[in-house]
Amino acid sequence: MSEPLLSVRNLTKIFGGLVAVDNVSFDVARGEVVGLLGDNGAGKSTLIKCISGVHAAEDGEIVFDGEKVQFASPMDARRAGIETIYQDLALANNLDVGANIFLGREVKTRRLGGLLQTLDDKHMREQSRQTLDSLQIRFPTLTEPIENLSGGQRQAVAIARAVYWDARLMIMDEPTNNLGVPEQHKVLEVIRMLKGRGVPVILITHVMPDALAVTDRIIIMHRGRKVAEKITARTNAEELVQYMVGARDDAMA
Amino acid sequence: MTERASRIALAHASTVSSGARTRVQRLILFLSSIWAWLFLALLVLFFVVAVPLTTGGAVNFLTVRNSQNILVAIIPVLLLGLGQTFVIIAAGIDLSVGWVMSLASVLSALALRSAFDGGVPLFPSVLIGLIAAVVGAAVVGLVNGVIIAKLKVPAFIVTLGTSFIVRGIAYLMSENTTVIGLPSGIRAYGNDALLYYISGPGSGLYFFERPEAKGELLRRMDAVLPYPVVVTAFVVAWAIFLLHRTQFGRHVYAIGGSMDAAVRSGVPVDRRVIAIYILSAATSGVAGFLSTLRFTAGSAVIGDPLLLSSIAAVIIGGVSLFGGAGTVIGTVIGALIIAVLTTGLVMLNVEAFWQFIVVGTVVIVAVLIDQSRDLITGHVRAGAAQ
Chain U
-14 MSEPLLSVRN LTKIFGGLVA VDNVSFDVAR GEVVGLLGDN GAGKSTLIKC ISGVHAAEDG
46 EIVFDGEKVQ FASPMDARRA GIETIYQDLA LANNLDVGAN IFLGREVKTR RLGGLLQTLD
106 DKHMREQSRQ TLDSLQIRFP TLTEPIENLS GGQRQAVAIA RAVYWDARLM IMDEPTNNLG
166 VPEQHKVLEV IRMLKGRGVP VILITHVMPD ALAVTDRIII MHRGRKVAEK ITARTNAEEL
226 VQYMVGARDD AMA
Chain H
566 MTERASRIAL AHASTVSSGA RTRVQRLILF LSSIWAWLFL ALLVLFFVVA VPLTTGGAVN
626 FLTVRNSQNI LVAIIPVLLL GLGQTFVIIA AGIDLSVGWV MSLASVLSAL ALRSAFDGGV
686 PLFPSVLIGL IAAVVGAAVV GLVNGVIIAK LKVPAFIVTL GTSFIVRGIA YLMSENTTVI
746 GLPSGIRAYG NDALLYYISG PGSGLYFFER PEAKGELLRR MDAVLPYPVV VTAFVVAWAI
806 FLLHRTQFGR HVYAIGGSMD AAVRSGVPVD RRVIAIYILS AATSGVAGFL STLRFTAGSA
866 VIGDPLLLSS IAAVIIGGVS LFGGAGTVIG TVIGALIIAV LTTGLVMLNV EAFWQFIVVG
926 TVVIVAVLID QSRDLITGHV RAGAAQ
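From first to last, the protein sequence lines are chains U and H.
Its first residue numbered -14, the first sequence is counted upward by one per residue in my numbering.
Its first residue numbered 566, the second sequence is counted upward by one per residue in my numbering.
So here's chain U without its partners, still in its complex pose:
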């Protein structure tokens, strides 16, 4: 196997007296879907926030694409190609699909010899349409505020945004939460599609079937520590639950 795209080494994050992430190491290879499993408060979210530039870790290092990185902000991480989709999606519900996909990186047209710059909404809408098409997601209209869209569709907009901006690593935080069953399937399908394109995904979830359905490998966390790492094909829900609740612990063994 070639060198991993992301390599986390002995990462530790402390809040006050609480060790939220305790000496965690793991790799993510290109085109791999890695599940990050754990109960509430297990440290999953803190761990990915360290990777995506929200938190600075106290100790340990992150190697991305062969280079040691230290992101000062989420924007830094995004510029490097790490896109994180949080549960709240970070979309502006009063704007349309195109405006959301291009938010903060709007395409402009120069007018009057560069004196004025106007938004090129037509171009942005067209590009959005193409990206959504490539993910086989169809919306009746792209010109309405996204507040009229369903939860799954908004998730799709967030994913399309990451895809359009050439995400090299996608981190998804509980993406199937609060979705209807058909939409959950659609999201998992998009994850498979990303994998097919060689974009690795870190999937944070506490939903066992989701993790088993799309991941190649599963990392289980408990109270800030990585307690196990399993090849998905060689594990089962029962075993994973035991790790999640702390009944089993490979690191202690």
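Keep in mind that the hints were calculated from the coordinates and are not lab data.
The reader is advised that the hints may include incorrect statements.
Stated by the list, open to error - Where chain H lies over chain U, by a calculated footprint (3+ residues, C-beta under 8 Å):
#, stretch
1, 73 to 80
2, 212 to 219
What the hints assert, rightly or not - What follows is a list of derived Cβ distance ranges for each label pair:
#, chain 1, residue 1, chain 2, residue 2, range
3, U, Ser119, H, Phe921, 39 to 49 Å
4, U, Ala41, H, Arg591, 48 to 58 Å
5, H, Ser598, U, Ser119, 33 to 43 Å
6, H, Ser598, U, Ala41, 24 to 34 Å
7, H, Ser937, U, Glu52, 51 to 61 Å
8, U, Arg(-6), H, Ile805, 51 to 61 Å
We treat Cβ as the ideally placed atom computed from N, Cα and C, and that holds for glycine.
Starting from the structure of chain U, add chain H where the hints point.
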């Protein structure tokens, strides 16, 4: 599940929100989206019929002269409202605009007077007055913006505070509220019009120059597009461009729609917020400058009563106080509704105080209509959920 089936399911889920509305609901949605225009049209229609009726045909509402009076009357409210439109769409509030306008009026009068007294010709002196008004106002906007964006103090508190500070400064600088002794020539800048039209015998059109008309001829002379109206129209056009066509405008909506999304999408939120408050102060500065030209005097009390009217115009025009929604044209309509109401009621000989009661009612009705929209669309506003 197959890919095709899930795609159908996704498409189906999407149609629930828009497709399930009844015809009545859609009609209500449509009417509520254009109600301000409708209301303005009905209001004008009402006064067109009612004013001649109550005056026995002696007075008409929709004359050239009266329409120009209405346009002149909306200028300060509209200019204050334009900046406020950006601020409120970005989910902020600027309570300092009234006193900023006053300060700008005083500053422009002082600068203009000292320039002219120092031997600078009239027109450059007027420009110096304009620069003093806008720059002085912008400094207040900068202070507002920096404290709000960087120190995270709520806009309501910051702008309330600066409005008191600016009030004090305006009084101090004007040395007893009014700056007089301005060159009389500026009267023309503040009151003359682009076009004059004399009807009847001796009729004629005059561009850029007020004809020498006396007595009977003067009564038949109409001034069309007074200069302050032209200046305001340019500011409106610029505001429309800025809000609806540029990246800055898009960011204003994004900040008001979801501050969190804006920050995490890399929108330079702090810089934008600072610019929004500078802009709000600057349009108030232009209002102060125009009032100085109009009255040939700087006044430290001119802007204070206009704050609430300007916010009323913005709200009537459909800008959401929760942020994220609204248009520049809406605010123009809102300002027009207030001016038409005020002028019309005066012409109907209704006691002037009634205008406040009517405007207040319209503001509340405007918000109720907006909320009825939300009931139908199922849209929960960020602030309303608490």
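Hint compliance check: list the failing hint numbers for this structure, sorted ascending. The structure breaks hints 2, 3 and 6; every other hint is satisfied.
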